[in-house]
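*Asks:* Each chain, letter by letter, is given below.
There are 2 protein chains.
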Amino acid sequence: MADNKKLTPRDEDFSAWYNEVVLRAELADYSPVRGSMVIRPWGYGIWENMQRGLDGLFKDTGHENAYFPLLIPMSFIEREKAHIEGFKPELAVVTHAGGKELEEPLVIRPTSETIIMEMYAKWIQSYRDLPLLINQWANVVRWEMRTKLFLRTSEFLWQEGHTVHATSEEAEEHTRRMLGVYRTFMEDWMAMPPLTGLKSESEKFAGAVQSYACEALMQDNKALQVGTSHFLGQNFSRQFSLTFQTEEGKEEYGWNTSWGVSTRLVGALVMTHGDDNGVVVPPRLAPTQVVIVPIWRNDDQAEAVRSKAAALKARLGEQGVRVRIDERDYLSPGNKFYEWERKGVPIRLELGPKDLENEQVVLVKRVCGEDEDRKEFLPEAQALAEIPDRLEAFQASLLEAATARREANSYRGVEDIGQLKEIMESGGGFVYTGWSGDPEVEERVKEETKATLRCIPDEEFRSSDAPTKCIGGGEAKMEVVWDRAY
Amino acid sequence: MADNKKLTPRDEDFSAWYNEVVLRAELADYSPVRGSMVIRPWGYGIWENMQRGLDGLFKDTGHENAYFPLLIPMSFIEREKAHIEGFKPELAVVTHAGGKELEEPLVIRPTSETIIMEMYAKWIQSYRDLPLLINQWANVVRWEMRTKLFLRTSEFLWQEGHTVHATSEEAEEHTRRMLGVYRTFMEDWMAMPPLTGLKSESEKFAGAVQSYACEALMQDNKALQVGTSHFLGQNFSRQFSLTFQTEEGKEEYGWNTSWGVSTRLVGALVMTHGDDNGVVVPPRLAPTQVVIVPIWRNDDQAEAVRSKAAALKARLGEQGVRVRIDERDYLSPGNKFYEWERKGVPIRLELGPKDLENEQVVLVKRVCGEDEDRKEFLPEAQALAEIPDRLEAFQASLLEAATARREANSYRGVEDIGQLKEIMESGGGFVYTGWSGDPEVEERVKEETKATLRCIPDEEFRSSDAPTKCIGGGEAKMEVVWDRAY
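If you read the protein sequences in the order shown, they are chains A and B. Note that the numbering used here numbers the first sequence so that position 74 is 74, with each residue one more than the last. One gets the numbering used here by counting positions in the second sequence from 1 and adding 486 to each.
These are computed hints drawn from the structure, not numbers from a lab. Treat each hint with caution, since some may be false.
[Unchecked claim] Taking lysine-lysine pairs in the DSBU-like style, the calculated list, with each CA pair at most 35 Å apart, reads:
id	chain 1	residue 1	chain 2	residue 2
1	A	Lys-308	B	Lys-545
2	A	Lys-354	B	Lys-608
3	A	Lys-59	A	Lys-81
4	A	Lys-59	B	Lys-567
5	B	Lys-608	B	Lys-567
6	A	Lys-59	B	Lys-634
7	B	Lys-799	A	Lys-59
8	B	Lys-545	A	Lys-100
9	A	Lys-5	B	Lys-545
Produce the complete structure using the sequences and hints provided.
*Replies:* This is the structure in C-alpha cells:
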C-alpha cells in the first residue's frame with residue numbers, strides 16, 4: 001500500500017516527472033475514454049479552491065454566473081468563418097439521440113460564443129441592458145490526438161466569460177480588465193507570476209479581433225498559455241444579429257469579449273512549484289494546509305496523542321486553517337510523510353508522546369529557503385499562534401521564488417535567430433527580441449528554433465531599451481517574447 | 487422594458503403559471519437546442535446556493551468531490567442489463583470526433599455509475615481503502631421528448647454521489663443516510679418538506695437493488711420526485727470487477743450506493759412557494775435577500791437617498807445579509823417592485839426623501855401571514871437590527887406553510903381504487919392506502935386513476951392505524967402513498 005518509490009528527478013526527465021507526480025500525488029488518473037482524464041479528489045480540491053478564488057474576483061467585477069447548453073447545433077458553429085475553421089478539426093459530434101438519427105448534428109461545445117450570442121440577441125434590446133457581464137463554469141470538449149494530464153485533454157473543465165458592451169472602447173477595456181483579473185489570481189492565489197501581453201495574428205483565438213494571454217514559465221523553461229482574454233469586436237454579434245438600440249435611438253451591433261481559464265491551471269501549478277519529492281501546493285489553494293501525523297507505540301499513548309491532535313485541529317480550524325489528521329493505523333509515520341510531501345501539503349505537524357510531555361510539536365515545512373531548517377521543534381502555543389502567518393509567508397515565498405526563476409530565465413537584447421536558437425537548445429526561457437510584425441519571420445523562427453511567438457508583452461514587461469532590430473532582420477516595430485511552448 | 491403584466495393565476499392554469507413565472511422571473515429560458523434550457527443568472531444564483539448547502543452537508547458526512555469523463559464507451563453502459571434497458575431510449579451518442587468516425591460510439595453520460603465503477607476498481611485493493619465516498623457535480627444528458635423547464639430537460643445539472651462499502655449493511659445504511667441528508671437540505675434550505683420512502687420495484691433506478699426517494703407535494707397537488715438514493719448491492723461491482731481484499735484476506739465485490747439531486751430542485755422550489763405575483767425564494771437560497779429601492783424626484787434627493795441606501799447595504803452586509811440596491815433610473819419604483827416580487831426577493835426596503843427625514847424605512851415582505859401587514863414603516867435602527875431575524879422567521883414560516891399544505895392534502899384511510907380516483911379527479915394529493923405488493927395492482931391503479939405509487943413511506947410518515955386492506959382487494963402487506971406525478 002505504501003508508495004515510497006522516488007519520483008524520476010525533474011532534471012533527468014521533466015515530462016516523466018510530471019506524469020508521475022500527477023498520478024502518484026493522486027491529482028488525476030487516466031480514464032478508459034481516449035483523451036479524457038479523471039480528476040481525483042486531491043486535484044479536484046485544488047480546482048475547487050481555484051474556482052472559489054476566481055469566482056470571487058469575477059463577482060467583484062460585476063459578473064453573474066449562468067448556464068448554457070452543452071450541445072450546439074452544427075449550423076451555429078459554422079456561422080463565424082474563422083471560428084469554424086479553427087474548431088472544426090476538434091469537434092465531437094452527436095448524430096444520434098433518443099434512438100434516432102438527428103436531423104441536424106449537434107456538437108459538444110468546444111467553447112460557447114455561438115450559443116451564448118444567440119441567447120444574448122434575444123435578451124438585449126437597448127443600451128440600458130448593457131453591459132451584460134456573464135460567466136459560465138462548464139466542461140468543454142476539443143478532440144485531441146496527443147493528450148497530457150491537465151494540459152491537454154479532450155474534455156476539460158473551465159470558466160468562460162462572455163460580455164456585451166455598447167462601445168468598442170468599453171469592450172477593449174473589459175478584455176484587458178479580465179486579463180488583469182487573471183494575473184491577480186495567478187499571482188495572489190497560485191503564486192505563479194505570468195507574463196501578459198497580446199497574441200500575434202497567427203496565434204489568436206478563432207473569431208477574435210485581438211487575443212491577450214497570460215504566459216507562465218514552467219520549470220523546464222517552456223511556456224504554458226494559462227489564460228486568454230479576447231476582444232471579439234462585432235464578429236459574433238453580426239452573425240447572431242445581436243443588436244441594441246443606442247441612446248440616440250440607432251440600431252447597433254454589440255461589442256463582445258470572451259475569456260477563459262481551465263483545469264490546465266492545475267498542471268501549471270504542478271510545473272511551477274513541484275520538486276523531486278512531489279507537488280507543492282500554495283496554502284491559499286491547498287485543500288489541506290496542515291496535516292497532523294500522530295505517532296504512538298501503544299494504546300495509552302494513542303489515546304493521549306489523538307486527543308491532543310484533535311484539540312490542535314480544532315484550535316487551528318477556529319483560525320480558518322484547513323487541517324487534516326492522518327489517523328490511518330496501517331501506515332507508518334514515515335510513509336505518511338512521503339505521501340503528504342508528494343501531495344504538497346504546506347505544513348506537517350508531527351506529534352508523539354514525547355512532544356506531548358514537552359508541550360511541543362514538530363513542524364515541518366514542505367519547502368524552505370536555503371538558510372532555513374525544514375524541521376523545527378516549537379512550543380505548542382507558539383505553533384498555534386504562528387501557523388496562520390507562516391502559511392502566508394509560505395505563500396509569499398513561493399511567489400518570490402517563481403518570480404526569481406522567471407527573471408533568471410528571461411533573456412533580453414537578443415538580436416538574431418541564431419542566438420535565440422542557442423538559448424532554446426541550451427534550455428529555453430522567455431526571449432525578448434524586436435519584431436517587424438511580419439508573419440513570415442514568425443514562421444521562420446518557429447521552423448528554425450521551435451520557439452513560437454508567445455506574446456507582444458504588456459508595457460511593464462518590456463525592456464527598458466526598446467529593441468530596434470527585428471529578429472528576422474530589418475527594423476523592429478515592437479518587442480515580442482519567444483519560447484517553446486506546451 | 488417594464489414588465490407589469492399579471493401572470494396567469496395558478497388556479498386558472500397551474501402549468502401555464504409555472505412556465506410564465508420561470509421565464510418572467512428570469513430563472514431560465516428556452517434554448518434553440520431542442521430539449522435544452524438556459525439557466526439565467528437569477529436561477530443559477532439559486533442553484534449556486536443550493537450547491538453550497540448540499541456540498542457542505544456532503545463534506546460534513548465525509549465525502550470529497552471528483553470529476554469523471556462526460557463521454558462513456560457504449561460497451562460500459564451495456565454491461566449492467568437493467569441499466570442499459572432503462573437508459574437506452576434516452577442516450578445521446580457521439581459517433582464522430584476529430585473529423586473521423588469513432589471505432590466505438592461514446593454516449594454522453596446519463597448517469598455515471600459505469601465509468602466511476604471502472605475507476606474505483608482500479609483504485610480499491612483492500613478493505614482499508616473503504617468506504618470510498620465521492621461526489622461529482624456535473625451535467626448529464628437524457629434525451630426527452632416532452633420537456634418542461636427545470637423539471638424535465640434533455641440536459642440538466644446535478645450531483646451524483648457514488649460510494650463503495652465493505653458490507654451490505656454499511657452500504658444500505660449509507661443509502662438511507664444520504665436520503666436523510668437530502669431531507670434535511672430540503673427542509674432547512676428549501677423550506678420544502680418531502681415525504682421519504684422506498685420506491686416500488688417498477689419505479690426503482692435501472693440497476694439498483696433498492697431506491698429511496700424524496701417526494702414533494704407541489705401546489706397543484708401533484709407529486710414531484712426531487713431526490714433519490716440507491717442501494718446498488720453488488721450489481722455494478724460484478725460487471726466492473728470492483729473487488730477488495732477483506733480483513734480476513736478474502737476477495738469480495740464492493741457494495742455500492744449512488745444518489746442524486748438536480749436542477750429540478752429549482753422547479754420544485756417555484757411550485758412549492760410561488761404565488762400569483764411570482765416566485766418566492768427562501769432567504770437561505772435567495773441570491774438577493776433584501777432589495778433596496780431608492781426613490782427620488784430631483785438630483786439633490788437622489789444624492790442623499792443613494793448614499794443612505796449604500797450605508798444600509800453596508801451595515802446589512804456586515805451582518806451577512808445579501809443586499810442589492812436597484813438604482814436603474816429608467817424604471818419607476820413601481821416597476822421595480824413588480825420585478826423583485828416576481829423574482830421572489832424576501833424583503834424589499836423602500837427609501838425616499840421622507841423616510842430619510844424620519845430616519846425610517848419602508849419594509850415590505852414578499853409574503854406574510856393572514857394577520858400580518860406586508861408593509862411596515864420602521865425606524866431605520868430597528869430595521870437594521872431586526873432584518874437577520876426577520877429573514878430567519880421568513881424561512882421558518884415558509885416551511886410551516888408548506889408543511890401545513892402537504893398535511894391538508896394528504897388522505898389516509900382510503901380503501902379502494904374508486905375513492906382514490908375521486909381524490910385524484912377532485913385535485914389530487916398524497917393518498918395513503920394498503921398494498922399487497924402485487925405489481926398488477928400498481929398497474930391497475932395507474933390505468934384507472936393516473937396515480938402512481940410514489941413510495942412505501944418511511945416509518946415516521948406511516949398512518950398510526952396501519953391499513954389492513956390492499957387497495958386492489960385482499961390483504962395489505964404494507965402502506966403506500968399514491969399521487970399523480972410530474
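*Asks:* Does each hint hold? Answer for all of them.
*Replies:* Going down the list of hints, with the structure as the test:
{"no.": "1", "hint": "Lys-308(A) / Lys-545(B)", "result": "holds, 23 Å"}
{"no.": "2", "hint": "Lys-354(A) / Lys-608(B)", "result": "violated, 40 Å"}
{"no.": "3", "hint": "Lys-59(A) / Lys-81(A)", "result": "holds, 33 Å"}
{"no.": "4", "hint": "Lys-59(A) / Lys-567(B)", "result": "violated, 46 Å"}
{"no.": "5", "hint": "Lys-608(B) / Lys-567(B)", "result": "holds, 22 Å"}
{"no.": "6", "hint": "Lys-59(A) / Lys-634(B)", "result": "holds, 30 Å"}
{"no.": "7", "hint": "Lys-799(B) / Lys-59(A)", "result": "holds, 17 Å"}
{"no.": "8", "hint": "Lys-545(B) / Lys-100(A)", "result": "violated, 41 Å"}
{"no.": "9", "hint": "Lys-5(A) / Lys-545(B)", "result": "holds, 31 Å"}
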